[in-house]
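Quick note, the sequences are listed as chains A and B, same order.
Residue numbers for the first sequence follow my numbering, beginning at 2 and rising by one.
Residue numbers for the second sequence follow my numbering, beginning at 18 and rising by one.
If you're looking for bench data, these hints aren't it; they were derived computationally from the structure.
Just to be clear, a hint being listed does not mean it is correct.
What the hints assert, rightly or not - Below 25 Å or equal to it, Euclidean Cα-Cα: the simulated SDA-like pairs (lysine to any residue) are:
| no. | chain 1 | residue 1 | chain 2 | residue 2 |
| --- | --- | --- | --- | --- |
| 1 | A | K94 | B | E258 |
| 2 | A | K17 | B | D125 |
| 3 | A | K258 | B | S110 |
| 4 | A | K18 | B | S110 |
| 5 | A | K7 | B | K32 |
| 6 | B | K147 | A | K258 |
| 7 | A | K261 | B | S142 |
| 8 | A | K94 | B | N123 |
| 9 | A | K258 | B | K126 |
| 10 | B | K95 | A | I25 |
| 11 | A | K7 | B | N195 |
| 12 | A | K103 | B | N75 |
| 13 | A | K17 | B | N84 |
| 14 | A | K103 | B | G69 |
| 15 | A | K258 | B | K144 |
| 16 | A | K258 | B | F112 |
| 17 | A | K261 | B | G69 |
| 18 | A | K7 | B | G39 |
| 19 | B | K144 | A | N91 |
| 20 | A | K7 | B | R89 |
| 21 | A | K181 | B | Q102 |
| 22 | A | K17 | B | G39 |
| 23 | A | K261 | B | N127 |
| 24 | A | K18 | B | F35 |
| 25 | A | K261 | B | K126 |
| 26 | A | K18 | B | D27 |
| 27 | A | K17 | B | K144 |
| 28 | A | K94 | B | P277 |
| 29 | A | K181 | B | P72 |
| 30 | A | K94 | B | D27 |
| 31 | B | K126 | A | I25 |
| 32 | A | K89 | B | E101 |
| 33 | A | K261 | B | G39 |
| 34 | A | K103 | B | S150 |
| 35 | A | K7 | A | I25 |
| 36 | B | K147 | A | E12 |
What the hints assert, rightly or not - Just so you have them, the derived chain B footprint on chain A, three or more residues with Cβ under 8 Å:
| no. | stretch |
| --- | --- |
| 37 | 5 to 12 |
| 38 | 145 to 159 |
| 39 | 193 to 201 |
Heads up, the beta-carbon is just placed ideally off N, CA and C, and yes, glycines get one too.
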Amino acid sequence: MQQIFKNISTEFIKSKKTFASWLIILGAAFMPVFMSFIFLSKWKRFIPQHGQNPWSTFAENSWKGMGFLFISFFVVLLTCLFFNIEHKNNTWKHIFTLPVSKSSVYFNKLATLLIFIAIFYILYIPIWIGCGFAVGLIKPELQLASYSPDYISLLNLCFHSFIASLGILAIHFLLSIRFKNMIKPIGIAVLGEIIWVALYQGRAKEITYFPYAFNYSTVNPPSWVTPKMFGIFPQHEIVSILYFIIFSILSYVYFIKVFKG
Amino acid sequence: MTIIKTQNLDFAYSKDDFILKGLNLQVEQGSIYGFLGPNGSGKTTTIRLLLGLLPSANNNIQLFEQNLQDNRISILSKTGSLIEQPSLYEQLSGFDNIEITRRIRNVDKNRIDKVLELVSLTKASQKKVKEYSLGMKQRLGLAIALLSEPELLILDEPVNGLDPNGMIEIRELLLKLNKENGITIFLSSHLLSEIEKIVTHLGVLNRGKLVFQGKYSDLKELQHRSATIHIETSNNQKASEIIYTKFQASSSQNSHLTVPYKDKEQVAAICKLLIENNIDIYKMQLQDNDLENIFLEITKN
């Protein structure tokens with residue numbers, strides 16, 4: 002167990018001073034800062050009605066922005082950049098000559114990426130709360146400093162957004178192993194996003210099975226799809242978990258049997 | 018103990034395109050084995066096979082008298098390697114690069130300072146690797162390979178691209194490691210002159226086949242046997258006839274005679290013979306066939 006932590010810690014060292022590590026921090030800060038800017042510049046539009054908690058509007062706008070394209074692209078870009086550290090430095094041959102099994106290398110990579118995405122949400126929470134209160138202090142009319150955000154709902158959305166991201170994470174995990182050139186996986190992601198927007202515009206029911214749409218479905222469930230719940234998870238999040246399992250198995254087999262570095 | 022042994026090792030990327038054919042390597046413990054061959058002869062492929070980076074179809078590679086396929090992790094824990102250009106994280110410092118391997122190999126932290134000192138990189142250890150020269154990167158790669166005090170070092174062209182000073186530094190370091198720590202070293206090169214000063218054994222690879230394998234002294238012997246004496250006299254024709262009667266072989270060219278060299282007594286005897294026959298000697302010169310030529314000859318044939 003201790004060795005597993007040691008091996009994962011090496012992935013953190015490797016990511017030091019890379020764009021991947023900056024992306025986690027900047028990515029977590031982007032939407033709260035952007036939303037703060039919107040709320041400050043168009044503050045009159047966001048003045049709450051009497052007795053209304055202004056945080057709900059701040060949260061709704063932030064999460065819609067996050068779910069629309071931002072989180073999907075963040076996950077795709079982070080996965081590409083994370084693997085690019087090895088591809089660019091040509092370090093696979095060194096990794097494969099260390100006394101570690103290939104499966105350990107695979108699971109260290111996957112676990113690290115999951116931790117990175119979890120860190121993104123962990124950083125997002127205080128930055129978002131901090132930004133909200135700062136906006137409230139700068140513009141008292143918005144009353145953000147007089148109320149408190151719904152912490153439970155915030156944690157809940159972070160958790161479900163994480164689950165909704167697992168599908169594209171696993172797909173792009175495989176693509177980033179397969180293609181050393183980052184442009185290809187990013188191109189596939191752009192195509193995926195275009196298809197998702199088209200499905201949304203066309204009010205297609207298939208949106209429940211399309212992984213690039215899952216994050217938006219979590220923050221803003223499509224009205225034309227009858228909601229189905231499986232325990233605490235809506236249907237598309239279960240599909241996201243299934244994508245994660247299937248594509249993780251595929252990438253594992255590819256990594257062990259085919260990938261030579 | 019035989020540290021590396023391959024038996025009829027074949028390798029092909031596609032069905033009929035054999036890169037290696039029937040390779041029988043034998044590297045003894047404590048030796049510095051020079052693995053020579055022209056570019057494209059299959060050296061890097063052999064090294065990749067020895068390290069398990071490429072799959073060997075017939076499971077016939079043994080390291081430390083253990084089968085590589087079944088004992089990969091235990092073998093790699095005793096082996097340090099450097100393949101072509103060292104694999105380094107350019108955005109990190111030299112220290113961090115070593116630290117990554119240290120954590121995975123579970124080596125004591127104080128080894129980092131020791132290996133940095135060994136490769137003379139202590140002062141530059143906090144510098145980013147992208148600011149390192151090629152020689153420094155090569156030395157850092159070597160430091161990483163040495164971190165776990167391996168019993169075997171496998172180095173692919175470790176002095177390739179280095180300036181003469183860099184080459185000397187690496188050669189001296191390898192000699193020291195071999196003598197003081199008893200590390201077996203297997204190193205490849207396409208230039209004999211780069212490694213002839215340190216190797217104890219040699220394997221010469223050409224077009225995927227091992228065309229020579231043995232002690233370096235055996236190759237020296239081959240060099241010795243192919244040495245000739247060049248003689249210029251007042252009458253080359255007559256001198257040639259006289260020498261031929263006594264030493265069987267001599268060939269006369271317009272300007273000089275060529276006699277296969279045996280030993281120094283033979284040189285004295287030829288001298289004496291020519292003087293006795295009133296032939297003036299203008300020049301006698303021993304022409305050692307240099308090892309590079311022998312290497313070229315072996316690989317040509």
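Against the structure, test the hints numbered earlier, and report the numbers of the ones violated in rising order. 1, 3, 5, 6, 7, 9, 10, 11, 13, 15, 16, 18, 22, 23, 24, 25, 26, 28, 31, 34, 38, 39
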